[in-house]
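Hey, can you piece these two chains together into the complex? The hints should help.
Chains A and B, in that order, give the protein sequences. Read in order, the letters of the first sequence are residues 125 to 275 in the numbering used here. Read in order, the letters of the second sequence are residues 0 to 712 in the numbering used here.
Check each hint, because a few of them may be wrong.
Straight-line distance between alpha carbons at most 20 Å, and here's what the computed SDA-like set of lysine to any residue pairs gives [as the list claims (entries may be wrong)]:
#1 B:K683 to A:H216
#2 B:K683 to A:Q170
#3 B:K683 to A:E217
#4 A:K199 to B:T641
#5 B:K657 to B:D562
#6 B:K683 to A:R167
#7 B:K683 to A:M213
#8 B:K683 to A:D269
#9 B:K355 to A:E184
#10 B:K689 to A:L275
#11 A:K199 to B:E640
#12 B:K687 to A:L193
#13 B:K564 to B:R448
#14 A:K212 to B:K683
#15 B:K566 to B:M457
#16 B:K595 to A:Q170
#17 B:K687 to A:E217
#18 B:K683 to A:Y174
#19 B:K683 to A:L275
#20 B:K595 to A:E184
#21 B:K595 to A:Q164
#22 B:K683 to A:I210
#23 B:K687 to A:Q170
#24 B:K551 to B:V563
#25 B:K683 to A:A215
#26 B:K687 to A:G274
#27 B:K683 to A:G274
#28 B:K683 to A:E184
Over the 10 Å line for every Cβ pair with chain B, so calculated as not near, a few chain A residues [said to hold, decoys possible]:
#29 V160
#30 Q198
#31 K227
#32 N231
#33 G254
#34 K257
None of these hints come from the bench; they were simulated from the model. Note that the Cβ used here is the ideal one computed from N, Cα and C, for glycine as well.
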Amino acid sequence: MANELSTNVNEIVQYIVIRIGDEQYGIDIKYIDNIVRMQQITRVPQVPDYFKGVINLRGEVLPVLSLRLKMGLQKDEITKDTRIIIIKMEAHEAIGVLVDSVKEVVNLSTAEIERVGFDRGEDRGAYAMGIGKHEDGLITLLDMDLVLQGL
Amino acid sequence: MDVSQYLDIFLDESKEHLQNLNTSVLNLEQDPENPETISEIFRAAHTLKGMAGTMGYKRMQTLTHDMENVFSEVREGNLKVNAAMVDVLFRCLDAIEEYVTTIQETADEGDNDNEPIIKELNAILENKGAEPESAPAAEAPAAAPEAAPAADGGGSGAWDAIELNEEEQKALEDAMTANKKIYGVTVYVQESCLLKAARAFLVFKAIEEHGEIVAANPSTQDIEDEKFELEFSLVIATEAPLDTILSAIKSVSEIADAKGAPFAGAAAPAPEPVPEKKEKAKKAPKAEAKPAETTTAVAPVKNEVAKKAEKKPEKAAPAKPDAKKGTKPAVNRTVRVDIEKLDSLMNLVSELIIAKNSLVSTATSAGASGNGLNEQIEYLESVTTNLHESVMKVRMVPIESVVSKFPRMIRDISKQLNKPMELYMSGEETELDRTVVDEIGDPLMHMLRNSADHGLEMPEERIAKGKPECGSIFLDAYQDGNNVVIEVRDDGNGIDVERVRQKAIERGVMTEEQAYAADDSDIINLLFMPSFSTAKQVSDLSGRGVGLDVVKSKIEALSGEVDVKTKLGEGTTFTIRLPLTLAIIQALMVVVGGEKYAIALSGIQTIENVSPKDIKTVESKEVINLRGTVIPLLRMDNILETESKRNPGADMVVVIAKKGDKLAGLIVDELIGQQEIVIKSMGKYMNKCKFISGATILGDGEVALIIDSNALI
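Just chain B, same shape as in the assembly (with noise of 0.2 Å):
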């Protein structure tokens, strides 16, 4: 079978998947008792194999096999998490990632049994089998009602676990008055199977030509979607005898079995069980559906009470997912796009949006103000303005997809430095634009290992200093405006300055006089240049001199910008801003000796006329007091090489630029008015120039550059 276009969907699950997997055996380690948790784990585990098995990955089918039996004896209870049993389920966590990337990029799994896992795996399983097997047994029974009351509710096979609601209740009273028999059927689907849905879908369509399905478990919904196991349950209504019935089924090539009985469920509610009924019935879905589970092999004597307790997983599987009924609909709702067509999306967005600012342009120079033009092109501007937003918005992810995986990497650092530390995330749900995220990883990948490595001190010595053995780190993430800001924050040593200082004099960066008259944020600031570590050790984690300098050229080419707070003793905080989103913005167009420029609206506070009479000097720099605020002035025409045209007498246009808590102001020759433009890239030959960060298309066609006012500040 060809299975290559299901790939993709593949590669994304598993990855849902693994992720999940390793947040919940981070848990999982917390709380090794979480019944939750455990299941949580068993099901993506056991959907991973499913996956892998039908993509005819085998390699890594068979060690989620040996990962999801492991699960299934925790579950059961007849093993106990510990520290040792953890580390093992990452490694495999680990080489079940590994194939998936082999997967990814070569389509085949590569040729890693990842033998040492497997056994320390089955090492595991088989501690646990030396442990006397009467104990899980003897519980399991307590257990099983309580988990699945359904089947206990008289008839006599699975099917019997079916609730019926309301509607499917009456239906099933309409069949009984239309003198219709009314069956409970349990489907077995070969354990080989690999298209399940579409086995189950023929059987759904050989039973129809019979009669009609009215109910089913799990939902019929759950069943296309391949949400069973092995087994599926249905109730159905029909004038033919059950043999037509069980053999049509029969007849669906990859079915193993097909039992029935006359459906109880109808008539009275949950009349006593019949013991041997129900033993005789459940005797064969068991040996079928688990023939290696271990269980199945005890003495004949436990063999009923050990079938009994299995029964509790085996339900308690199907039940889940009817749980989820509710929150099905949403997640139904939603639709996988590829990240190229939704680029194409915004890239015709843009066009729109530049032929709407010329529309504008030409009508204004038209003058054709009347005949209700005017309200039109209003009427334009807020749909395409609305249309903007609505694909931004679809473009929007949280950075949960990245900084899910940190705790896990925080805990593995923690392990293999000795050193005790805890990592605390909020705003995980913030949003970003798609390809911001995508590029946002490695970066905070860095600035946490940056400071779990060097930030946080050794246990003793942060005992020494009176703060807590265990280092904390954090990550917090926000909506400041148009801007996201993603703080990294610890409470480690800090940055030592004055060695820093040192350093940079030692690799000749500045020299002493340089140095000493530098304050502390320059200083702090060289940690970003290339190849300039200040690590005593250089270790496997960081230290090598790459990274922040990575961080920050990462940072600035998604137009961020990356800022570092220090105080020896107490910690360090790095805080990343990031733009919402990289393509269209809201700008003031001004006009600065004759050329028009764009300020993005989202770095400008106010705008202010100022008289030439109100500038101040202060150290030989141009400032003006502004409602008790001092505010540097920054004569654009000079900035941008160019001169200015107005009356140098009159009243000055200033446009008071913000960055942070950091205020300028720009003194421009006139201002245009807002409009909404988009950012075009000027390429490599033209960013050499740091504070203009790309340009835009007006109206008539003419490219204006766009002042990137956090540079100037």
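Isolated chain A, as found in the complex (with noise of 0.2 Å):
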């Protein structure tokens, strides 16, 4: 898989630091194309309810997804600071996901990782691929992959 964790030590991975609630989550920061503040979102019918529509960004029209549904949590509240963040990856079409904030960017190494079994019935650990320890907060990282394969 793409993004499957390396095995190389001293490998430094840079992620995207996401609020969804009082979580945090990471997003490696190669599949993304650009963050964009929240804008008006058409809603497209008779699509999944995680789906919250479609944007123009740049004259292209994008997918809207919600993280929070798609994960099986509340709905989302849209304040300043939420954001969209334009997901690029090979393997599927471009995308645009919903989040609460973002918070910063973290480097991550591999001995920084840790790779848990998760159950992959519950809402956090569904599209997780590891856990990281940064400063003083846990970051689940996200795999975008996994995220986006089912849609």
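In structure tokens:
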């Protein structure tokens, strides 16, 4: 899989840390094309509820996915911190992901990442591929391929 | 020499010539004696050979060379066209096509020598060799003067074939008054020469140092376009002696020889030929031009006669491009453009229209109605609309390019299945967007095969039913408003709906009750489901259950739709409906539940104001009676999963949409107006919604969805 964690001990990967509710999640920066502010989303009928609709990103029409709803959490509350992260992966079409806020960019070496067995049935574990330890907090690293696979 | 830069042109032109050959050979099969078809084939084969040679594809060259030899004999009347020969020729064309495909994929022709085909071609030639030589040779001279009257026009060489037009005649007279000498010169290019046009150009240059070229045969334009075989003739006005000119020409590399004499054509029209001289002049070119010609090997007594016979094709070939002169400028004014460039042009036009829309909405919201802004915006609108139309037209190509291969295909199927059938096509000139045309070939092929294989009955069965023994398949294309309709129709047995119904139950696609409750058209639509084939026998052609479902998905991917009508015992009609253009459409903007939607104008018949009192209920469906027509109503707020904000008691705005002869009324909250919109794909995540065909970006940057009214009806 494209974003399987490398076994190389000293490899350092950059992650964008986002917040959803009280949790911190990390997305590998190489999949992130852009981060845009919340804008008007056009609702599309007859699609699963985790699709918020479509937006206009510089003349292209892109679908927007609610990570909260996809992970079975409460529905999004739009605030001034709400951001849409544009994800571009080779195996998938470009998509925007709605998150509560974007916190920072962190460098995590393989040593700082713990690969734990996840209970895939559990909400936050469903799309995780590891836990990163950074300063005081824990960051759930998202397997974006897994997130986008079943859409 | 590096020829890779010519590869694209080579591929394009080879395909054109192959298509041409296929059509011509097919015609030949119908009408084996038609001299025009035969020379058409000869020319195409010859050009193909030349091109393959230039590009260094030896195997392809060898094969085309042998094929050309056969045509050459046919053209001279030494060989008669028969069914066996046509079969070999078709196989030969297939083999050449294979070379071209291989070249396209790998830039190399591969290593298939196609020995068997070459052997068969040679066998055809040898059989002819067994015939007495005297017969064609005796016939030919009679025909020769007819074909090339100019050859006897006096003087002493091939240059005498040059017919001077008024202008050239005048130039010639001017030159003579200026005391210049007029020579006729024939230049022979080496057979191995790769860049004939370039050599000819150098020859022109060399001559122009000493004098001027007054006339040429073929025309200078044709020579520059490499439309000559191995020789061309010129009339030169010069002060220099003939020898100087000839040695200047010969100094150009890859020029085999050059012959010349004072030009007689200018002085008097058609004086009697001088026999000895003429023969002498002819001997040389013949020996060089066609060393491998079989006729040169006959006994010396016949030599002269045989040569005269040869004179005919030699003259006929260059004469043809001359005849085409009249139509030439039209050809020259076309430009080959990479489709990608057109795509980017189209994208830019799309961007421009979005920008224009946004300008319109800014101007409206700013309330800047005075100071001529509105006029300017209207002007801009008409310019962008025209620009879009022009770009769209540039992208339009006739469907001919894909359908022209079908007669050949049907012929092969007919032979393979031993089922006589005929394909009738109309509307080949109907134009569609290039991208659509490229994609439409496979679905059409599937449908035609389907008709040929499953649709048409075996001849015995047809006779028993009182139908003509030979089955008919029709391919009709025509434009209908903003759509192009392509119909594939056969007069075969039609679809046995009961059998499909049984099959559906058998396969567990439907329960028995469902199957019997479903009406015929629903049952027929099952045929478009993946892996649902009713053919009793799986044949080589179709019946593997791949086909109709592929057809449907392909057509739908092009925003089109496909429909079947069938009558048991009488035949089946498949109707494909395709949008004329995929990118930009005129749309009606409406509001439903506070959201903006676009509906393609082409699918809208009228817009009506309907009072809620007029809604009737028939079979628990809401309908209105509009001027005598009962039209089902669709509440768009329900369909779009939103809530209407309109006053329930007030009159409703109903958009009457039509699809073929079916109508439906779409109830919307309000109308915004007509607008030109650019269709944007929403990607695969969002395509689950069948009646939303895409999205568009409005002037204010907002995204509006496009309702596909066809999918709702």
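Hints, verified against the model:
1. B:K683 to A:H216: 10 Å, holds
2. B:K683 to A:Q170: It holds: about 14 Å lies between the C-alpha atoms, which stays within 20 Å.
3. B:K683 to A:E217: 8 Å, holds
4. A:K199 to B:T641: Holds - the C-alpha atoms of T641 of chain B and K199 of chain A are around 19 Å apart, at most 20 Å.
5. B:K657 to B:D562: With Cα atoms ~15 Å apart, K657 of chain B and D562 of chain B stay inside 20 Å; holds.
6. B:K683 to A:R167: 16 Å, holds
7. B:K683 to A:M213: 14 Å, holds
8. B:K683 to A:D269: Satisfied, since the Cα-Cα distance of roughly 16 Å is no more than 20 Å.
9. B:K355 to A:E184: 17 Å, holds
10. B:K689 to A:L275: 17 Å, holds
11. A:K199 to B:E640: 19 Å, holds
12. B:K687 to A:L193: This hinted pair holds, its Cα atoms lying about 19 Å apart.
13. B:K564 to B:R448: 17 Å, holds
14. A:K212 to B:K683: Holds. K212 of chain A to K683 of chain B sits at ~14 Å (cutoff 20 Å).
15. B:K566 to B:M457: 18 Å, holds
16. B:K595 to A:Q170: Status holds; Cα separation ~17 Å.
17. B:K687 to A:E217: 15 Å, holds
18. B:K683 to A:Y174: Status holds; Cα separation ~15 Å.
19. B:K683 to A:L275: Given that 20 Å is the threshold and the Cα spacing comes to 9 Å, the pair holds.
20. B:K595 to A:E184: Holds, at about 18 Å.
21. B:K595 to A:Q164: Cα-Cα ~13 Å, so holds.
22. B:K683 to A:I210: 16 Å, holds
23. B:K687 to A:Q170: The hint holds at about 7 Å.
24. B:K551 to B:V563: 11 Å, holds
25. B:K683 to A:A215: 13 Å, holds
26. B:K687 to A:G274: 14 Å, holds
27. B:K683 to A:G274: 12 Å, holds
28. B:K683 to A:E184: 14 Å, holds
29. V160: 12 Å, holds
30. Q198: Label holds. Min Cβ-Cβ 21 Å, cutoff 10 Å.
31. K227: Nearest chain B Cβ is 27 Å from K227 of chain A, so the label holds.
32. N231: N231 of chain A is indeed farther than 10 Å from all Cβ atoms of chain B, at 32 Å.
33. G254: 26 Å, holds
34. K257: Consistent with the label, K257 of chain A stays out of reach of chain B, its closest Cβ about 34 Å off (over 10 Å).
The structure is consistent with each of the numbered hints, conforming to all of them.
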